[in-house]
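Student: Sequence:
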Amino acid sequence: MVQKMGFWASVKNCMSNYAQFGGRAARSEFWFFVLFLALVQFVGLNLTAEQPEGSFKIHFGVYFYLGPQYPWFFNLYTGLFAIPFFAALSRRLHDVGVAASTIFVVPFALFAIVMFALKALPNLQQLQNGIGFAAAMIPLVLFLFFTSKKSQPGENKYGPNPHEAH
Numbered sequence: 264m265v266q267k268m269g270f271w272a273s274v275k276n277c278m279s280n281y282a283q284f285g286g287r288a289a290r291s292e293f294w295f296f297v298l299f300l301a302l303v304q305f306v307g308l309n310l311t312a313e314q315p316e317g318s319f320k321i322h323f324g325v326y327f328y329l330g331p332q333y334p335w336f337f338n339l340y341t342g343l344f345a346i347p348f349f350a351a352l353s354r355r356l357h358d359v360g361v362a363a364s365t366i367f368v369v370p371f372a373l374f375a376i377v378m379f380a381l382k383a384l385p386n387l388q389q390l391q392n393g394i395g396f397a398a399a400m401i402p403l404v405l406f407l408f409f410t411s412k413k414s415q416p417g418e419n420k421y422g423p424n425p426h427e428a429h
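Using my numbering, the first residue of the sequence shown is number 264, and each one after it goes up by one.
Keep in mind that the hints were calculated from the coordinates and are not lab data.
Quick list of simulated restraints, FRET-style, between CB atoms:
id : residue 1 : residue 2 : range
1  : Phe379    : Leu302    : 38 to 48 Å
2  : Phe371    : Val306    : 29 to 39 Å
3  : Pro334    : Pro416    : 42 to 52 Å
4  : Met400    : Phe367    : 17 to 27 Å
5  : Ala399    : Gly360    : 18 to 28 Å
6  : Phe284    : Lys413    : 19 to 29 Å
7  : Pro334    : Ala383    : 33 to 43 Å
8  : Leu373    : Tyr326    : 18 to 28 Å
9  : Gln283    : Gln415    : 16 to 26 Å
Pairs of lysine-lysine residues, derived as BS3-like cross-links and limited to a Cα-Cα distance of at most 30 Å, are as follows:
id : residue 1 : residue 2
10 : Lys413    : Lys275
11 : Lys267    : Lys413
12 : Lys267    : Lys420
Glycine is no exception: its CB is placed at the ideal position from the N, C-alpha and C atoms.
Make a model of the complete structure from these sequences and hints.
Tutor: Spelled out as structure tokens, the structure:
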């Protein structure tokens with residue numbers, strides 16, 4: 264029987280392996296950590312961001328911001344969680360047999376292609392908007408596809424199956 268990692272165990276494991284880009288991470292470990300990051304960001308956003316009294320912001324996702332133009336919370340959040348997130352993502356991709364460098368190569372290659380296409384089509388605003396939308400959606404779809412896949416059974420070139428290692 265496959266033993267899934269719980270919420271707090273996932274958070275603890277991801278934070279204690281914050282710079283461990285090798286090895287594998289189970290689907291539950293990665294997604295519980297993403298849920299934790301989204302909850303921390305939601306709470307922090309509503310406690311620190313300026314907004315009309317009696318309101319709060321709802322957004323979905325994990326965003327990393329860094330710079331003096333952002334509230335202190337976002338700089339702290341990014342400093343604490345960006346590296347652990349990318350390490351967990353790297354291990355998650357390894358778990359399904361994908362090289363972690365894919366998370367960097369695909370978006371940058373896509374960006375270069377889109378920039379070339381936008382320069383080649385300077386007067387076609389609708390087409391440019393469509394290309395920009397596709398450029399944003401393709402990495403999202405790939406991210407969801409790879410991070411939602413089941414673990415490769417047994418050992419792969421990145422290490423033992425996390426379900427079998429515990």
